[in-house]
Structure formats: structure tokens, C-alpha cells
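Asker: Spelled out, the chains give:
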Amino acid sequence: MSGKDKISVFPSRMALTIMKARLKGAQKGHSLLKKKSDALTLRFRQILKKIVDTKVLMGDIMKDAAFSLAEAKFTSGDFSHTVLQNVNKAQIKVRSKKDNVAGVQLPVFESYRDGSDSYELTGLARGGQQIYRLKENYFKAVELLVELASLQTSFITLDEVIKITNRRVNAIEHVIIPRIERTLQYITTELDEREREEFFRLKKIQEKKKKIKAETEALIARRKIELAAQGVRTQEHASNILDDNEDEDLLFD
Amino acid sequence: MNSVNFNINFGYLEGLCRGFKGGILKQTDYINLVQCEILEDLKLHLQSTDYGSFLANEPSPLSVSVIDDKLKEKLVIEFQHMRIHSVEPLSTFLDFITYGYMIDNIILLITGTLHQRDIRELIPKCHPLGSFEQMEAIHIANTPAELYNAVLVDTPLAPYFMDCISEQDLDEMNIEIIRNTLYKAYLEDFYKFCSTIGGSTTEVMCEALAFEADRRAFIITINSFGTELTKDDRAKLYPRCGKLHPDGLAKLAQADEYEQVKVVADYYGEYKPLFDGAGTGPGEKTLEDRFFEKEVKIMMSAFMQQFHFGVFYAYLKLKEQECRNIIWISECVAQKHKAKIDSYIPIF
Chain A
959 MSGKDKISVF
969 PSRMALTIMK
979 ARLKGAQKGH
989 SLLKKKSDAL
999 TLRFRQILKK
1009 IVDTKVLMGD
1019 IMKDAAFSLA
1029 EAKFTSGDFS
1039 HTVLQNVNKA
1049 QIKVRSKKDN
1059 VAGVQLPVFE
1069 SYRDGSDSYE
1079 LTGLARGGQQ
1089 IYRLKENYFK
1099 AVELLVELAS
1109 LQTSFITLDE
1119 VIKITNRRVN
1129 AIEHVIIPRI
1139 ERTLQYITTE
1149 LDEREREEFF
1159 RLKKIQEKKK
1169 KIKAETEALI
1179 ARRKIELAAQ
1189 GVRTQEHASN
1199 ILDDNEDEDL
1209 LFD
Chain B
-19 MNSVNFNINF
-9 GYLEGLCRGF
1 KGGILKQTDY
11 INLVQCEILE
21 DLKLHLQSTD
31 YGSFLANEPS
41 PLSVSVIDDK
51 LKEKLVIEFQ
61 HMRIHSVEPL
71 STFLDFITYG
81 YMIDNIILLI
91 TGTLHQRDIR
101 ELIPKCHPLG
111 SFEQMEAIHI
121 ANTPAELYNA
131 VLVDTPLAPY
141 FMDCISEQDL
151 DEMNIEIIRN
161 TLYKAYLEDF
171 YKFCSTIGGS
181 TTEVMCEALA
191 FEADRRAFII
201 TINSFGTELT
211 KDDRAKLYPR
221 CGKLHPDGLA
231 KLAQADEYEQ
241 VKVVADYYGE
251 YKPLFDGAGT
261 GPGEKTLEDR
271 FFEKEVKIMM
281 SAFMQQFHFG
291 VFYAYLKLKE
301 QECRNIIWIS
311 ECVAQKHKAK
321 IDSYIPIF
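Chain order of the listed sequences is A and B.
Every position in the first sequence, counted from 1, becomes a number in my numbering once 958 is added.
Letter 155 of the second sequence, counting from 1, is numbered 135 in my numbering, and no numbers are missing.
Since the hints were derived computationally from the structure, they do not count as laboratory data.
Keep in mind that the hints are not guaranteed to be accurate.
[Stated by the list, open to error] Straight line, CA to CA, 27 Å or less: simulated BS3-like cross-link-like pairs of lysine-lysine:
no., chain 1, residue 1, chain 2, residue 2
1, B, K23, A, K1021
2, B, K297, B, K320
3, A, K1093, B, K23
4, B, K318, A, K1013
5, A, K1021, B, K50
6, B, K105, A, K1047
7, A, K1093, B, K6
8, B, K211, B, K6
9, B, K318, A, K1098
10, B, K252, A, K1021
11, A, K1051, A, K1093
12, B, K211, A, K1021
13, B, K216, B, K252
14, B, K316, A, K1013
15, A, K1021, B, K6
16, A, K1098, B, K316
17, A, K1098, B, K320
18, A, K1093, B, K242
19, A, K1008, A, K1056
20, B, K211, A, K1093
21, B, K265, A, K1093
22, B, K265, B, K320
23, B, K105, A, K1093
24, B, K23, B, K316
25, B, K316, A, K1021
26, B, K277, B, K316
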């Protein structure tokens, strides 16, 4: 990035007004973007804190769920194949919604139960209670996982947007505004110079005019003297029928 | 048969069975296992017991499912050895024991065909003790009804299907209901068979099977609260060869909640202490644990008599419980969750 570039315009007063308007616009944009960046960063930190808490909680819940699986296996034997073979459609489904934060659309996932429990009678003769507890534990774990997933996607999206916004803020602050200011400076210097040139030209013309006038007067004075020497009556000025009431050709007045 | 002629045909196998029983883990072994920190320690301790180096060829790191498979494999080898060397009526008796596993396998295969899974994937998942010759032929059937007509009708389980389920029911009924109906028919059949053998076998086995029947009745009742199972359907699942038949079963069929079940149990001296103090809070033994303990006690007393077939049944059940205990302890060790590691059922 060269430090001396400016927008190339023809320096005129209109360009000056336009540039001034643009500078104002850039400054307003800069302050708005900064506000947006601050709001997003605040939300970002909140989400980060929640993610840390949820991850710790998930560790505990997964441990409990795995342990309840061991308990259920102890009482009712190996029911994993029964469960695996009976799978046909999902009982827990995830819906995604959009949440608007300072103009950024963040995806939010929520889980909901769909359909009845098709494994209600598993372990009917052995270990039904443990299997019921196991189902509850894993349901809790899945819900927590869904929550964690939506937190992490918002985290990533927010991170991207914050980076973009900060880049724009910095760009405006360090590139656009200085460029406009330099352009303004250039225009004003050009205009000033032009004024000075005008001024100088005018003065020069006046001088020249004065000289010419002085010369013509000197010439007239010399001619007058010459003609007087020859005996010709000179008139001060040329006769004019309209102005002078005197007319040579009139004999009687 | 009587005690005099028993040893001619069955003496070797009974001796073998008692030898296996002697190798079941004792309390000291369990104390050692409970103190392990990692699964490798567990493997080390098991090497000094009857299990020997059954885990020797496994690549590390060891996982609980590997231990589970190997334990089951050892049990299956021992059982099949005894089955191969047996003669009538012991061979029929041992076959009866395997029908329970066969029922589980068939339910698995039916579920698989219902959901169009490849049969060849399901075969390795079946329990090895419950395999039967027609298993490989199952892939020719696409619906459960075809399955029944073509394949199941030749298995020894066919009469159980005939008694309770008709062809149309196979498609609609919930798989668990089918499983429990089959199991009920199987238990009643086994009970009848043991009664015909006579002698101490009848005494020991009928007590064991009666307990199993009553236990199933209680557990099914408790687990069906809050589900879609109607009371009539539930009543059809109770095996009738236990002590609860007929009054207790009738009362259980009417029960709506846990308290009413407890009231029914109070009428029977053996089951009243099981329900007292059983609960689901921390530190309390659950009802299922107490049933397991009672089962272990009954099985141990089966070994007190000689010259009967009950020892084989008891040995299998005790070995299974021991497998469950070892798996439980290994899971606790692997997950570093030693809080409830003592919830295994001690045998000796």
C-alpha cells in the first residue's frame, strides 16, 4: 500500500463538496461498524463461557451414561444386537432456527422427540428398570450435545463475522479516511494555486494595459505638437453632431 | 434313574462338572480383582485362576468387549464338551438348556429379516450355545411367516410357536412379546420334562425352574407399568410352572403399581424378604440384584446333592453370573468409576 495515493479527481469546488460529503459518510460508517464489532465481541465472550461450562458438564454426563450402560448390561445381558436390529427411524430430531444478533444470523439447534418409544418393552423380563434409566441418561446426553453443537456453530460464525467487521473498521480508519483527507488537501491546494494564478494574471494584464495607455497618450501628445507646428487647428476632440450644438456648416446661428 | 446306576452313564460328566465348579472364582479372587487399576492388572489376576492365559494372545490395549468375548468362548467350549460326551437322557436335558439361547437367536434373526438386514451379518451375532442347523438356511425367507413355514417348523422350538402364536401374529406382535411368549412355553416344557426324569433331578430342577418362572412374572409385571402392554397380554406372558400359579399370577395380572406387587409377594414366604428393603436409591440393592442373589443361593444348594442333572444347569448359571461379575468389575475399572464396583453378586 503506497502511502501517498489519493483519489484522482479533477480539482474543482464541486469535487471538494463531494469529497467532504464522502468523508462525513466514512466517519459515520466507521463509528457504526465499531459499535457492531463491540456488540458481537460481547456476545462472543458470553458464548465462550457457556461452551466451557457445557463441555465440563458433558464430561460428567457422558461418564454417567456410560456407567448406566454397564449397569444395564450387567442385569439384562447383551441387548445391543436387539437394539441395533430394531432401528428404523429416529426418535430424537433436531430443528434449526435463526437467531439475529446485531445483524448476524446465528443458527440455533433445538431437539425434540418425535414418535413414541419403540423400545418400550426391551428388557421386559430382565433389567427393564436399568434400561429405562439408561435411556433417560442418554437422552440427557444427546440434548446436551445438541446444545453444545449450536453453541459451537454460533461461535465459529461469530468469529468469522467479527474478523470481517474488524478488518473493515481498520480499513476505513487507516486507508479510506486518510485517502479522502489527502484528496481534500490536494483539491484545496490546487484551488488555492489556481486562485493565485488568476490573481497574478490579472495584475499582469493591468500592468500591460497601463503601459499601452501611457504609450498611446505620449503618441497623441507628440502628434498634437507636430500638427500645431504646421498650423493646423486641432481640436481637442472629434466633432459629434449629436453632442455638440455647434455645427460648422450652419452660417447663421 | 437312581443313584446306583447313575455313575455308569453320567459319572464322568458329573465329575467334570464339579471340577469346573471348583474353578469358579472365590471371594479372595474378587477382592484382588476389585483392587485393580487398569485392565492389564485384571488380566494378570485372572491368569492365576482357572481361566489361565485365555487372554494371552490378545493384542494390547485390552478392551472390555474382548474380555467379554473370551469369557463366553471359554464357557461355550466347556459346555459343548459336556454336551458331546453325553447320552440320553442327559443329552436331551442339556439340549433343553440351550433352547433358551436359541429363542434369543431366533428373535434376533426375525428382527433382522423384518428390517431387511443381511442374514450373514446376523449369524456371527448369535449366541453360540443357541445355534441350530437351520440357521444358515434362514436367508431364503423374507417375511417372518415364510420364516416359520420354511425353517422354524423343523427346529425343536416349533411346538412353542404352535402353542401360542399363529402365523399372522408373527408379523404384528411386538418382538419382545414374542420372545416372552416363547420363553414361557419353553419354561413350562422344561418343567414337564424334568418332572418325568424323577429322583433328585426333579427336586432340584423343579425348584430352580419354579423360581425362574416366578421371577419372570414379578419382573414382567413391574417393567410393564407405564407401557402399552395391556393386563390381558401381560397375563399371557406369565409362566405357570412356579409357586405363584394360580392365585399369585391372577393377583399380579390385576396389579397397577409397585406397591400392589409387593403385597402379592408378601403372601409367599420366599419372596417377601426379597422385596423388603429393595429400592432404586444409591446404596440400596435393586430388586433384580436380590433376585440374582437368590438364584445363586438356589444353584449352590443344587451342588449339595449328588447323582442328578441339576449340577449341569447350576454350573451354567453360576458361570454366567461369574462372567457378568467379571465384566462389571472390568467396566468399573476401565471407566475409573469405582463407586459401585462392589455391586457384583458374590458366589462363594
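Asker: Under the criterion that the straight-line Cα-Cα distance not exceed 27 Å, is the pair K1051/A, K1093/A satisfied?
Answerer: Measuring from Cα to Cα gives roughly 16 Å; hence the hint holds.
Asker: Between K1093/A and K242/B, is the straight-line Cα distance small enough, at 27 Å or below?
Answerer: holds, 26 Å
Asker: Against the 27 Å threshold, does the CA-CA distance of K316/B and K1021/A hold or violate the hint?
Answerer: holds, 9 Å
Asker: Given the hinted pair K265/B and K320/B, is their Cα-Cα distance within 27 Å?
Answerer: holds, 11 Å
Asker: If you draw a straight line from the CA of K211/B to the CA of K6/B, is it 27 Å or shorter?
Answerer: With a Cα-Cα distance of about 43 Å, the restraint between K211/B and K6/B is violated, given a limit of 27 Å.
Asker: With the threshold set at 27 Å, check whether the alpha-carbon distance from K211/B to K1093/A stays at or below it.
Answerer: holds, 24 Å
Asker: Does K1056/A sit within 27 Å of K1008/A, going by the straight-line distance between their CA atoms?
Answerer: holds, 19 Å
Asker: Given the proposed pairing of K318/B with K1013/A, does the C-alpha separation stay at or below 27 Å?
Answerer: Since the Cα atoms of K318/B and K1013/A sit roughly 23 Å apart, the hinted pair holds (cutoff 27 Å).
Asker: Are K297/B and K320/B close enough, with their CA atoms no more than 27 Å apart?
Answerer: Given that 27 Å is the threshold and the Cα spacing comes to 23 Å, the pair holds.
Asker: Is K211/B close enough to K1021/A, meaning Cα to Cα at most 27 Å?
Answerer: violated, 37 Å
Asker: Does the alpha-carbon distance linking K265/B and K1093/A stay inside the 27 Å limit?
Answerer: holds, 20 Å
Asker: Given the hint that K1021/A pairs with K6/B, does the C-alpha gap stay at or below 27 Å?
Answerer: violated, 30 Å
Checked against the numbered hints given earlier, the structure breaks hints 3, 7, 8, 10, 12, 15, 26 and satisfies all the rest.
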